[in-house]
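A.B. asks: Letter by letter, the chains look like this.
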Amino acid sequence: MTEVSIERLTKTFGSARAVDGISIRIADGEFISLLGPSGCGKTTTLKMIAGFEEASEGAIRFDGKDVVNVPAEKRDIGMVFQNYALFPHMTVDQNLAFGLEMRKIAKPEMLSRIAKVLDMVQLGGYSDRYPNQLSGGQQQRVALARALVIEPKILLLDEPLANLDAKLREEMRVFIRDLQRRVGITTVYVTHDQAEAMTMSDRVVVMFGGRIAQIGAPSDIYERPENLEVAQFVGQVNLVKGTVTGVAEAGRCRVASVFGEIAVDSRANHAPGNSVTLSLRPEAIELKPAGQGGAQGKVTARYYSGSIIDYRIALDSGETLHVQTFPNIRIAEGDRVSVHAPADGFWLLGAAK
Amino acid sequence: MTPPRRKGVGPLILIAPAAVLLGVFLVLPYLNIVVMSFRMPGQGTPYGPGYTIGNYTKFFADGFYLFQVANTLWIGLLTTAICLVVGFPVAWQLARGAMRFRALAYGLVLSPLLVGIVIRSYGWTILLGNNGLVNRTLTGMGLIDHPLPLMYNALGIVIALVHVFLPFMILPIMAGIQGVDPSLESAARSLGASRFTAFRRIVLPLCTPGIQAGCILVFVLSLSAYVTPSLIGGLRVKTMAVTVVDALIDTFQWPWGSALALMLSVTGALCVVIFARLTRMKWKVARP
Amino acid sequence: MKRPVLTLYCLLVYAFLLAPILVVVGASFNAGNFLTFPPQGLSLRWYVTFFHNDVFMRAIRTSLWVAAVATVISGVIGTMAALYYVQHAGRWKETVRVAMLAPLLLPEVLTAIALLFFVYAIGIGTTTMIGMVAGHVLITLPFVFINVSASLESFDPSWDMAARSLGADRLTRFRRIMLPLIKPGVIGGALFAFIISFDTFTISFMLKGIGTSTLPIQLFDYLRTNFTPEAAAVSTVSIVLTLVVVIVSEKVLGLRIHRF
Ligand SMILES: Nc1ncnc2c1ncn2[C@@H]1O[C@H](COP(=O)(O)OP(=O)(O)OP(=O)(O)O)[C@@H](O)[C@H]1O
Ligand SMILES: [Mg+2]
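Line order of the protein sequences matches chains S, R and E. According to the working numbering, the first sequence is numbered sequentially starting from 1. According to the working numbering, the second sequence is numbered sequentially starting from 1. According to the working numbering, the third sequence is numbered sequentially starting from 1.
I should point out that these hints are in silico values taken from the structure, not numbers from a laboratory. Check before you lean on any hint, since a few could be wrong.
To be verified - Below are the DMTMM-like pairs computed for lysine to aspartate or glutamate, each with C-alpha atoms no more than 20 Å apart in a straight line: (1) S/K104 <-> E/D221; (2) S/K298 <-> S/D310; (3) S/K153 <-> S/E30; (4) S/K74 <-> S/E53; (5) S/K65 <-> S/E54; (6) S/K104 <-> S/E151; (7) R/K238 <-> E/D221; (8) S/K153 <-> S/E3; (9) S/K74 <-> E/D169; (10) S/K153 <-> E/D169; (11) S/K74 <-> S/E3; (12) S/K241 <-> S/D265.
Please construct the entire structure, taking both the sequences and the accompanying hints into account.
C.D. replies: Here you go:
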C-alpha cells in the first residue's frame, strides 16, 4: 500500500545535471516505466528512489513521508539489478533467506515464504543451486524472487531483461507483469526498450537528458506523442508537412497536406496559416493499386519480415513514406500505388521543447 | 558504478595503519640513510661528527667502484635480457597453449618462488662447482678433461640469477598475453597479416606493459641481489650489493656504505627510467 | 601436441627451474661426509644430525615465529589498505598504489640497510625483534595488498547494493557478503606473506640480533664454511615446511591465489 511521489528531483554530478527536476506521482500498485535513451538519467533516478544516491535537490515521499534521510537498507524496497547481483557464494535458498534474516523472520515462516516465492517464479527444486549453476533466465527469476520475498513496499527494476535473449525476454515480460498484478506492488521499471515499456506498464515516463518529456498511458504516448522526439523514440513515424487552415473544434485543427484537408487531433490550438508537422504511423497507411484516389506514388523498396511487410514509397509530391502492411496484399517494388491515410491516423505534433 | 563513498574521516582509519607503517619504517629510514651518506667517517665508531661530501667524491674518484657499479649493472642487464628471451615462450605457452597440464605447468613456474633464495643458490653451487654435478657428468662422459669454470665468475652468477628471477619475468608477461583477446590476432590474420606480422603489430604492443613490468622487476631485483652473487661469486667476483653489505657488516663504515648503496640504487633507477623512455612507457608502476 | 618445438623448449625451461631444487633434495640423502657425485649410498643421517643441531632448530623456530607475526600484521594492515584503495581512495588511488608497492620496487638491500641505521638511530637497535618484524611486514605488505585489492576489484558493487536493498547494515554487509567473497584474496595474500617472510634473506641478515638468526641466515652462514650434506637436509625440511603450509591452506581454507 504505497504511493510514491517524486517532486522536482535533481541530481548533479559536478556541473552535469544527470536528473533535472523531475516530478512523478506513482499510485499505489501502479506499474510505471522509465523509458529513455542511454544516459538520460533512468538509473540515477532509480538509485535515488532506492537510496543509493543522494538527491541534490527535491523530495521523494513514500505515502507522504519524506525518505531523503532514510538509508537504503531502511527503505523497504525490493530491487532487481541489471546484472542480477545474486550473491555468488550463497545458494538460491540462502540468497532468498538473506533479506528475511535481516528482518529477523522466524525460521518456519522464512521457509514457507521462500517456498511460496520460488513456486511463484517456477523455480521449486532449484533451492540448493549456486547462481553460476543457473541459466540467465533462471538467475533473473531468482533475483526477482529475492526482491519479492521480503514483501517490499516498492519494487524497483533496472533493465532486468537486458541480458536475456529475445524469446526469453518476451516470456519474462509477461511473467513479471502478471506477477506484479497478482501481488499488487508499486513498481518502477527502467528500460530503454519502448516495446517493453508499452507492454508492461500502466503508465510510461519518457525521459530525455534528465528531464521528463511525457508521462502517460502507453497508448497515449504512442498515439498522442508530446513532440517529435517522443514520437520518434517510441516507434517509427512518418512526418508530413502541412498548413493549418482553421480550427475544427477544441483540440482539433483543420490541416491541408498532400493527403488533402483533414481534421487532426492536437494538444494545442494553432492559428490558421501556421506551418505544422503531422505524424503518421506507418501501420495506419493503406496501399491500393494506382488510380484509386489518395496520394499517388511509387514503391521504391519492399522488405518482407514475416508478419508484416515494410514499404518505402516515393510520393509524386516528393515526400518519402514508410508503410507497414499485412503480407496479404501483393505489391511489388516499382509498382505505382495510391496511398490512403485515414484522418485518425494523423497527429499534430507540438514543437520539441 | 562505484560503491557509495562515505564522506569524512571514517575511511581514513583504513589507510592509517599502512600510512604510519610506511612513514615510520620506510620514509624515515630512507631520509636517515641519505643524511648518513653525508656523515664523516668515524674512528672506531660507525660514523663521526660533522658532515662531508667526501663519501661521494671518493666514489667517483676511485675507478674501482665505478667499475663495480658498471659490472653490477651489466650483470643485471644480462640477467634481464636472458630472462626475457627464456621466459617469453614459456609465458606464451602458459597463456595460449591448449595444454592439458596447464595447472601443473603453472605450478612449475611458481614452485621456485616457494623455495628460499639461499636454498636455490645452494642448489646451483652443487650443480656448477668444479666438482659439481655438471662438470662431473661432462668429465664422466669424456667430453671435457678439465672442469669448466662455471662458478666464481659472472657466468655462474647470471645463470643462478636467471633461475632465481625467471618467475618474475614469466608471470607478468603471461598476465599481459592473457589480457590480449585471441580474436584480435584472428582479426589481424583475416585482414591478411601473416602469423608473425599479427604477433608483431597487434599482440606485442598490447602486451608490452607486461613485458616492461617483468623487465623492470627482474632488473631491480638482480641489482640488489646479495645471496646469489655472494655464494656463487665467492670472493672473486663481487657485485655492488655484496661490496656494500660487506662494507657495513665487516668494517662498520656506515657513511661510506650508505653512499655506495645510494649510488647503486640511483643508477639502477636511472636505468629503469631510461628503459621506460626507450620503450615509450606511460609511467606506471610495474604491476606484478 | 600442436607445436612440438615450443613444448619441448618449455619442458627444458621447467627442468632448468626445478634442477637446483631437486639436486638439493637429492643431496640431502647422501650418506657421505661431503657432497660427492655419485652419492655414497642413501641415508637419513644428515636429517638426524640436523634435528640434533640446536642452532638450526632455534633458527627454524625464529623463522616460523617471525613469519607468523609478520603475516598477521601485514594481513590486517594490507587488507585495510586495500579496502581503502578500492573503495575510498578516489583521486588518490594511484598514489596509494605506488606507496603500497614501494617496498617491492625499492631495492631490498637499500631498505634493509636504511632500516638497520634507523633502528640504531632511534635507540632500539637489534636487541629487540621490532626492527626485524617491521622489515618483514614492510616487504610482505605489497603481496597482501596486491592479492586483496585484486579480489576487491572483482567484487561487484551491486552485490553490496543488493544486500543494502534487502536491509543489511554496514557491518552485516561486510561480514556476510564482502568478507566471504574476498576471502580467497586475503588468504592468498597472507600465504604469500608467510612464504616471503619465511624465505627472505637480506632484511633478516641486516636486522638480526644476537641469537635471532632465521633459518635462511643460519643456512647461509653454515654454507660459507661447511660442505656437508646437512645443509641439504635443512633445505629440504624448509621446502617441506613451505609445501605443508601451502597444502594445508589449500585444503582447509579453500584457497585460490589471485594472479600470483
Ligand atoms: N557517478 C557518476 N558520476 C558522474 N556522472 C555520472 C555518474 N553516474 C551517472 N552519471 C552520468 O549521469 C547521466 C545519467 O546516467 P544514468 O546511469 O542514470 O543513465 P541511464 O539512463 O540509466 O542510462 P543507461 O540506459 O545507459 O543505463 C549520464 O550522463 C552519466 O554519465
Ligand atoms: Mg542505466
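A.B. asks: Are there hints from earlier that the structure breaks, and if so, what are their numbers?
C.D. replies: Result: hint 1 breaks, nothing else.
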